[in-house]
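J.: Going by numbering that gives the first Met the number 0, the sequence shown runs without a break in its numbering and finishes at 225.
Keep in mind that the hints were calculated from the coordinates and are not lab data. One should not assume that every hint holds.
To be verified - Here are the simulated DSS-like cross-link-like pairs (lysine-lysine), alpha carbons at most 25 Å apart as the crow flies:
1. Lys218 <-> Lys125
2. Lys171 <-> Lys198
3. Lys125 <-> Lys211
4. Lys21 <-> Lys107
5. Lys5 <-> Lys21
6. Lys211 <-> Lys126
7. Lys136 <-> Lys107
8. Lys126 <-> Lys151
9. Lys138 <-> Lys107
10. Lys5 <-> Lys177
11. Lys136 <-> Lys5
12. Lys177 <-> Lys198
13. Lys136 <-> Lys126
14. Lys126 <-> Lys138
15. Lys198 <-> Lys107
16. Lys218 <-> Lys171
17. Lys138 <-> Lys151
18. Lys126 <-> Lys207
19. Lys198 <-> Lys211
20. Lys218 <-> Lys177
21. Lys138 <-> Lys125
22. Lys125 <-> Lys136
23. Lys151 <-> Lys177
24. Lys151 <-> Lys198
25. Lys126 <-> Lys171
26. Lys177 <-> Lys136
27. Lys21 <-> Lys151
28. Lys21 <-> Lys125
29. Lys211 <-> Lys171
30. Lys5 <-> Lys198
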Amino acid sequence: MSATVKEVFEEIAPMASFAHGKVTVVGVGQVGMACAYSILQQNIANEISLVDVLMFLPTSHGKSLDCLKKEFSDLEQTLAPLEKNLNLLAVAVWSGVNVAGVNLSNVKPNIGAEGDDEHWEEDIHKKVVDSAYEIIKLKGYTSWAIGLSVAKIVQSIMTNSRNVFALSTNVKGFHGIKDDVYLSLPVVLGSNGVTHVVKQNLSASEVKQFHKSAESLLKVQNDLVI
């Protein structure tokens, strides 16, 4: 069994055999409070610590005091360096999509690629990428979806359940990447953090897109002033 496991996973840190009981949320705005509330409601942690600048003000008034210069200005400021490369930073791995074990690329070899007459890339992938903007447009925020997702991630760490998530990790050495750049890959997450990266068999076009994503994000990293 261990030989098969090694063929599927690439170990990058040892797994832990214990769990912890305290979670600290740094930044208690809309997203931070959604994360804290989701963790609290699901009894994931024994203790929750909230850390923010003058955090007693919003909690004492019973609401968030986040101020926006204009609608979505904080979101625009955060995403501005990346929006031109958004299509490069999200790579749909169509070669790995399956339904009940049936690989869709075996049924439709050009799924999501050029010449796909069913437009899977545009109809499915693009809608997923743009969904956050659509939700913000309709509801004004996406904090609860983020909070619930964070709660699942925290639960995997706290219980050392070693579930698989698509999380940001150093991709140097994977799929031919030679630089220290962080992108989301399917990883095993437990009390020791990310311990393994799932070895994906990407097609040539998917590897090419993955490299473009790494190059785009590396450029953003190099332009950061820290």
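J.: Now look at each hint and say whether the structure bears it out.
T.: Each hint, compared with the structure:
Note on lysine 218 and lysine 125: the hinted pairing holds, with a Cα-Cα distance of about 23 Å set against a maximum of 25 Å. Proximity of lysine 171 to lysine 198 is assessed by CA-CA distance (about 14 Å); at most 25 Å being required, the pair is judged to hold. Proposed proximity of lysine 125 and lysine 211 is supported: the alpha carbons are some 17 Å apart, at most 25 Å. Between lysine 21 and lysine 107 the alpha-carbon distance is near 47 Å, which puts this suggested pair outside the 25 Å criterion.
With a CA separation close to 32 Å, the supplied pair lysine 5 and lysine 21 exceeds the 25 Å bound. A distance of roughly 21 Å separates the Cα atoms of lysine 211 and lysine 126; the hinted pair therefore holds under the 25 Å criterion. As the CA atoms of lysine 136 and lysine 107 are separated by approximately 34 Å, the hinted pair breaks the 25 Å bound. Distance hint between lysine 126 and lysine 151 is fulfilled; the C-alpha atoms sit about 23 Å from each other, no more than 25 Å.
Annotation: proposed proximity of lysine 138 to lysine 107 is violated, straight-line Cα distance about 37 Å (limit 25 Å). Under the criterion of a C-alpha separation no larger than 25 Å, the hint pairing lysine 5 with lysine 177 is consistent with the structure, at around 22 Å. Annotation: proposed proximity of lysine 136 to lysine 5 is violated, straight-line Cα distance about 45 Å (limit 25 Å). Between lysine 177 and lysine 198 the alpha-carbon distance is near 17 Å, which keeps this suggested pair within the 25 Å criterion.
The straight-line distance between the Cα atoms of lysine 136 and lysine 126 is roughly 14 Å, inside the 25 Å bound, and the hint therefore holds. Note on lysine 126 and lysine 138: the hinted pairing holds, with a Cα-Cα distance of about 17 Å set against a maximum of 25 Å. Taken as a hint, the lysine 198 and lysine 107 pair is honoured in the structure, with Cα atoms around 23 Å apart against an allowance of 25 Å. Note on lysine 218 and lysine 171: the hinted pairing holds, with a Cα-Cα distance of about 15 Å set against a maximum of 25 Å.
Proposed proximity of lysine 138 and lysine 151 is supported: the alpha carbons are some 23 Å apart, at most 25 Å. Simply put, lysine 126 and lysine 207 have alpha-carbon atoms about 22 Å apart, close enough for the 25 Å limit, and the pair holds. Simply put, lysine 198 and lysine 211 have alpha-carbon atoms about 19 Å apart, close enough for the 25 Å limit, and the pair holds. For a cut-off of 25 Å, the pair hint linking lysine 218 to lysine 177 stands: about 14 Å separates their Cα positions.
Taking the CA atoms of lysine 138 and lysine 125, the gap is about 20 Å. The hint holds against a cut of 25 Å. For the suggested pair lysine 125 and lysine 136, the alpha carbons sit about 16 Å apart, so the restraint of at most 25 Å is met. Only pairs whose Cα atoms come within 25 Å are accepted, and lysine 151 paired with lysine 177 is rejected, the gap being roughly 31 Å. Only pairs whose Cα atoms come within 25 Å are accepted, and lysine 151 paired with lysine 198 is accepted, the gap being roughly 22 Å.
As the CA atoms of lysine 126 and lysine 171 are separated by approximately 29 Å, the hinted pair breaks the 25 Å bound. The suggested pairing of lysine 177 with lysine 136 is violated, with an alpha-carbon distance near 39 Å, which exceeds 25 Å. With a C-alpha separation of about 15 Å, the suggested pair lysine 21 and lysine 151 falls inside the 25 Å cut-off, and the hint holds. Only pairs whose Cα atoms come within 25 Å are accepted, and lysine 21 paired with lysine 125 is rejected, the gap being roughly 38 Å.
For the given pair, lysine 211 sits about 14 Å from lysine 171 by alpha-carbon distance, which is consistent with the 25 Å threshold. Distance hint between lysine 5 and lysine 198 is fulfilled; the C-alpha atoms sit about 10 Å from each other, no more than 25 Å.
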